[in-house]
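Residues per chain are reported as follows:
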Amino acid sequence: MAEIILRRFGHLLLTMFIVSVTVFVISEIVPIDVARNILGQFATQESIDALRERLGLNCPSSVRYVTWLIGDDWIPPARDLLGTRALPSGCTPEGADRKGLFRGDMGISTVTGGEVRPYIFRRLRNSLILAGTAFVIIMPVALFLGVLAGLREGGILDRVISVLSLVTTASPSFALGVILVVIFAYWLDILPGISALTDTDSALGSPEKLVMPIMVLFFAEAGYVARMTRASMVDVMREPYIRTAILKGLPRWKVVFKHALRNALLAPITVIMLHINWLIGGVVVVEMLFGYPGLGSAILTASLNKDLYVIEAGALVMTFVAVTSQLLADLLYSYLNPRIRES
Amino acid sequence: MADWPGTDKAPHGSGNPQEPRPSRFVHRVLDRWRAFRRGKAAYLLESGVAKAGIGIVLFWVITAILAPVLAPYGPNDITGAFKAPPSSAHIMGTDLLGRDVFSRLLYGSRPILVLAPLSVLCAVAAGIVLGLASGYFGGRVDDVIMRLLDAVMAFPTLLLYMIIIAAVGASAFNVIVAIAFGGTPGIARVVRSLVLDVRNREFVQAARLRGESPLYVMFREILPNCLGPVVVDACLRIGYAAFSIGTLGFLGLGLPPPNPDWGRMVAEGRQHLTTAPWIVLFPSLAISTLVVGLNLFADGVNESAHRL
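Chains A and B, in that order, are what the protein sequence lines are. Using the working numbering, the first residue of the first sequence is number 1, and each one after it goes up by one. Using the working numbering, the first residue of the second sequence is number 1, and each one after it goes up by one.
A hint or two may mislead.
[Unchecked claim] One side only, chain B facing chain A, incomplete, derived with CB under 7 Å:
| no. | residue |
| --- | --- |
| 1 | A166 |
| 2 | A167 |
| 3 | F243 |
| 4 | F250 |
| 5 | V266 |
| 6 | V280 |
| 7 | L281 |
| 8 | S288 |
[Unchecked claim] Going by beta-carbon spacing under 10 Å, a handful of chain A positions derived as facing chain B:
| no. | residue |
| --- | --- |
| 9 | V163 |
| 10 | V167 |
| 11 | V182 |
| 12 | L279 |
| 13 | I280 |
| 14 | I311 |
| 15 | G314 |
| 16 | V321 |
| 17 | Q326 |
Calculated directly from the structure, the hints in this document are not laboratory data. Quick caveat: nothing in here was measured; it's all calculated off a predicted structure. Beta carbons: idealized from backbone N, C-alpha and C, even for Gly.
With the rest of the complex left out, here is chain A (with noise of 0.2 Å):
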């Protein structure tokens, strides 16, 4: 067990790796002049010369990576400690003083010039406490809803369920909160359109700001867990120790809970965690829908501004995320699983 976990987490390692150099590679595909970016229009060539040389955007970019993950703080000492031959000079930046990534410095952004990581963290919390309180409503829901629809196959019940989930999950989740908003927002006018945050609000103090977008959110999820709980419970409902424990005169709501629940839910719940790449581009775009200040929308941003550092710390912690759910995953399936476990 300690050896799939410890490989796992090499390859996690290695995800992130791969992610940040192909984060800096495509955006090394196209020029983009940064030091124009933060002075504007009118800035004199002099002034964007020199924020150049102090962003150390003279620098090749395999440098600028190297520098982005050790940091340059360390290079004027060692300049002073070897000579100036034994490292790369002419690109290091003036105010040498970057930590890097591996001691917890994501830079600073290239648009705002403020620091990355606490805003890329403020966002993340915010995105947390959105995907958290959504997740935490929509799964026993869409749970329970699956195995209604999964105990009679073919019922009115099931039907129902099953094309409203397939409708709902198949809507681009956009088009659902455009839908929703107009509904609550337009025609009932008893929820806000907009989720907004000031940069030092927290979103647990204003609630009512979280409704619309976790509603959009379990409209767009529910349905695929609730299919994916119904498959599995149809199945189950089939075996033969079902029938068996039907014929032996087992009341049914004791055949369900004892029985067929344990098995039917296995498979649900790994595909609900392995579902959670596809909950962060739907709380992506539902960020983007209601204004909400969360990490996707932080991300999207950033990508159209081109603001490297802040797309690079996103991404990594988007990842990160991502594969760590992935183990928590399979983890959580090899617990419930005896056969696994025992092997």
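Chain B: place on chain A using the hints.
Chain B in isolation, oriented as in the chain A frame:
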């Protein structure tokens, strides 16, 4: 093939521990394909769900073809007041610039119906190459390709799209690239598992023994025997591609303006949702029906295949 007289190899799948056992998934896909071949097109229409799906998709295809005939105005013509509510002149109202929402809606069906299949096609091409190489050569090649694909798969798809398109800019071509990139790993995995099933068959060994190049064996001997399930799998992915194209448009990463694009129409009108809901409501309904149609169709086909 194992029953051919004169072959002294052990029959396929019996007693040879080296033989990779085809997974349940492969069997499912193969079943689906055989069912498809047996029943031809008629069986597709067997399920009511599939019929409804085909109906919706056909509706949008015809709309896309006839858009110039049906649309009362050009998609980018400014034809009325800003944000005018629905009236007899503009049955779905006008948008922020005074363009007719109905006409833009009709024209907006075109890019999505062209880009979705095209991007799936690109993903299939890339997935076939990677899956063939991975499954045929095995060993190191397999390890490297699969690790890389795993890394791509572990990455939230939408994040992938955002980064690719933000870096290379928003255009029809780049949308195709991004969606193909995101879809390739899944297809490559399917192809790989099919190749593992086929590659030790006698006819492949025969080709290898008569000295054919690996490229010939992969593309002329193995590929034709894997193609069916891959095609069926690809059809199921078109709905997802359409879903993604809509979402990209909404995030401002789709076709550049002023092209009529459903996702972008929603994004542009979002700020005015409470004063002019018709600008966003109709494109939202349009994309929902199209994607639901594609999914219903895929789902119906899938279920019919299981029943056969």
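(Q) Just to be careful: measuring from the Cβ of V182 (chain A) to every Cβ in chain B, is the smallest value less than 10 Å? (A) Check passed: Cβ of V182 (chain A) comes within 5 Å of chain B, closer than 10 Å.
Q. Quick one, is the Q326 (chain A) hint okay against chain B at 10 Å, beta carbons?
A. At 7 Å from the nearest chain B Cβ, Q326 (chain A) passes the 10 Å test, so the hint holds.
(Q) Using the nearest Cβ pair, does F243 (chain B) come within less than 7 Å of chain A? (A) holds (5 Å)
Q) Going by Cβ atoms only, is L279 (chain A) closer than 10 Å to chain B? A) holds (9 Å)
Q. Quick one, is the I280 (chain A) hint okay against chain B at 10 Å, beta carbons?
A. holds (4 Å)
**Q.** Hint check, G314 (chain A) versus chain B [nearest Cβ-Cβ separation less than 10 Å]
**A.** holds (8 Å)
Q | Interface hint status, A166 (chain B) versus chain A (Cβ within 7 Å) | A | holds (3 Å)
**Q.** Supplied contact hint for I311 (chain A), tested at 10 Å Cβ to chain B
**A.** This interface hint holds because 6 Å falls under the 10 Å limit.
Q | Agreement of hint L281 (chain B) with chain A interface, Cβ distance less than 7 Å | A | holds (5 Å)
Q | Restraint outcome when V280 (chain B) is required to lie within 7 Å of chain A by C-beta distance | A | V280 (chain B) check passes; min Cβ-Cβ to chain A is 5 Å, inside 7 Å.
**Q.** Hint check: 7 Å Cβ-Cβ cutoff, S288 (chain B) to chain A
**A.** holds (4 Å)
Q) Against chain B, is V163 (chain A) within 10 Å by beta-carbon distance? A) At 9 Å from the nearest chain B Cβ, V163 (chain A) passes the 10 Å test, so the hint holds.
This entry satisfies every hint, going by the numbered hints stated previously.
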